[in-house]
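Start from the sequences and build out the full structure, keeping to the hints where you can.
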Amino acid sequence: GQQLNQSPQSMFIQEGEDVSMNCTSSSIFNTWLWYKQDPGEGPVLLIALYKAGELTSNGRLTAQFGITRKDSFLNISASIPSDVGIYFCAGFSTGSGNTGKLIFGQGTTLQVKP
Amino acid sequence: AAGVIQSPRHLIKEKRETATLKCYPIPRHDTVYWYQQGPGQDPQFLISFYEKMQSDKGSIPDRFSAQQFSDYHSELNMSSLELGDSALYFCASSLLGGKVEQFFGPGTRLTVL
Chain A
1 GQQLNQSPQS MFIQEGEDVS MNCTSSSIFN TWLWYKQDPG EGPVLLIALY
51 KAGELTSNGR LTAQFGITRK DSFLNISASI PSDVGIYFCA GFSTGSGNTG
101 KLIFGQGTTL QVKP
Chain B
1 AAGVIQSPRH LIKEKRETAT LKCYPIPRHD TVYWYQQGPG QDPQFLISFY
51 EKMQSDKGSI PDRFSAQQFS DYHSELNMSS LELGDSALYF CASSLLGGKV
101 EQFFGPGTRL TVL
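From first to last, the protein sequence lines stand for chains A and B.
Going letter by letter, the first sequence gives residues 1 to 114 in our numbering.
Going letter by letter, the second sequence gives residues 1 to 113 in our numbering.
Hints were generated in silico from the structure; no laboratory data involved.
Keep in mind that a hint or two might mislead.
Said to hold, decoys possible - Pairwise CB distance ranges, derived in the manner of DEER restraints: (1) A/109 to B/10: 44 to 52 angstroms; (2) B/75 to A/114: 37 to 45 angstroms; (3) A/51 to B/82: 42 to 50 angstroms; (4) B/40 to A/13: 35 to 43 angstroms; (5) B/109 to A/94: 25 to 33 angstroms; (6) B/10 to A/111: 23 to 31 angstroms; (7) B/41 to A/54: 23 to 31 angstroms; (8) B/27 to A/41: 18 to 26 angstroms; (9) A/59 to B/2: 19 to 27 angstroms; (10) A/51 to B/51: 24 to 32 angstroms; (11) A/60 to B/14: 41 to 49 angstroms; (12) B/16 to A/68: 25 to 33 angstroms.
Even glycine gets a Cβ: it sits at the ideal position worked out from N, Cα and C.
In structure tokens, the structure reads:
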């Protein structure tokens with residue numbers, strides 16, 4: 001089945017540092033999304049990417065959709081303590097029905113040291 | 001802005017019991033998705049509904065069933081619960097016909113003892 005490989009698995013950085021994480025897939029996805037999840041809470045949508053090569057920013061977050069549509073990266077600039085959490089990439093996969101589904105990467109756990 | 005509402009937030013059940021999880025999508029969203037997230041795992045797609053009809057099906061056990069009602073809320077019914085069903089269950093909603101962004105609820109933490 002379709003799988004997303006997300007790396008790194010975890011990161012421990014100093015406040016103020018920049019962060020980069022990426023996702024790769026053997027399959028093409030037409031849409032990539034990046035979510036952040038706090039412990040015990042639901043994933044919160046950060047950025048959605050719709051076009052190959054698209055570069056989108058949301059505050060200190062920047063994400064790009066790879067040209068081949070098989071990869072994406074997320075950058076966080078000038079990290080702050082509230083950036084702590086688990087970041088998931090997700091590819092939108094069309095199904096046999098109308099709605100499709102999200103296939104998630106394994107997640108990147110980010111810890112920020114004040 | 002209104003978000004996805006899930007109830008209950010926490011549920012404790014015994015093995016072989018049944019459980020019903022409820023989801024109220026964002027107003028005007030017509031599509032509901034259910035995901036299961038085990039400890040330390042990524043969310044796994046279970047099932048989705050569009051305009052009150054089942055649309056796509058993932059790795060949902062036969063012991064589970066779900067439906068979407070006329071007011072677009074959805075319920076996930078889980079029977080003959082097993083220890084391995086202990087997980088976070090998320091509902092997400094989207095507006096099909098628009099972009100495919102799915103917005104997640106806060107989840108229901110199910111513990112099976």
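Range agreement (Cβ of residue 114 of chain A with Cβ of residue 75 of chain B, hint 37 to 45 angstroms): 43 angstroms, holds
Outcome for the supplied range 44 to 52 angstroms, where the beta carbon pair is residue 109 of chain A and residue 10 of chain B: Since residue 109 of chain A and residue 10 of chain B have Cβ atoms about 23 angstroms apart, the given range 44 to 52 angstroms is violated.
Outcome for the supplied range 24 to 32 angstroms, where the beta carbon pair is residue 51 of chain A and residue 51 of chain B: 28 angstroms, holds
Hint check for residue 82 of chain B and residue 51 of chain A - Cβ pair distance inside 42 to 50 angstroms: 43 angstroms, holds
Whether the CB-CB distance between residue 27 of chain B and residue 41 of chain A falls inside 18 to 26 angstroms: 21 angstroms, holds
Cβ separation of residue 41 of chain B and residue 54 of chain A, checked against the hinted range 23 to 31 angstroms: Given range 23 to 31 angstroms: holds, Cβ gap about 29 angstroms.
Outcome for the supplied range 25 to 33 angstroms, where the beta carbon pair is residue 109 of chain B and residue 94 of chain A: 30 angstroms, holds
Range hint compliance [Cβ, residue 10 of chain B to residue 111 of chain A, 23 to 31 angstroms]: Once the Cβ atoms are compared, 26 angstroms apart, the range 23 to 31 angstroms for residue 111 of chain A and residue 10 of chain B holds.
Consistency of beta-carbon spacing, residue 13 of chain A to residue 40 of chain B, with hint 35 to 43 angstroms: Violated - the Cβ-Cβ distance for residue 40 of chain B and residue 13 of chain A, about 21 angstroms, lies outside 35 to 43 angstroms.
Residue 68 of chain A and residue 16 of chain B - C-beta distance against the hinted 25 to 33 angstroms: 48 angstroms, violated
Distance restraint evaluation - residue 60 of chain A, residue 14 of chain B, Cβ atoms, bounds 41 to 49 angstroms: Once the Cβ atoms are compared, 46 angstroms apart, the range 41 to 49 angstroms for residue 14 of chain B and residue 60 of chain A holds.
Range hint 19 to 27 angstroms (beta carbons of residue 59 of chain A and residue 2 of chain B) holds or violated: 23 angstroms, holds
Comparing the model with each numbered hint stated earlier shows that hints 1, 4, 12 do not hold.
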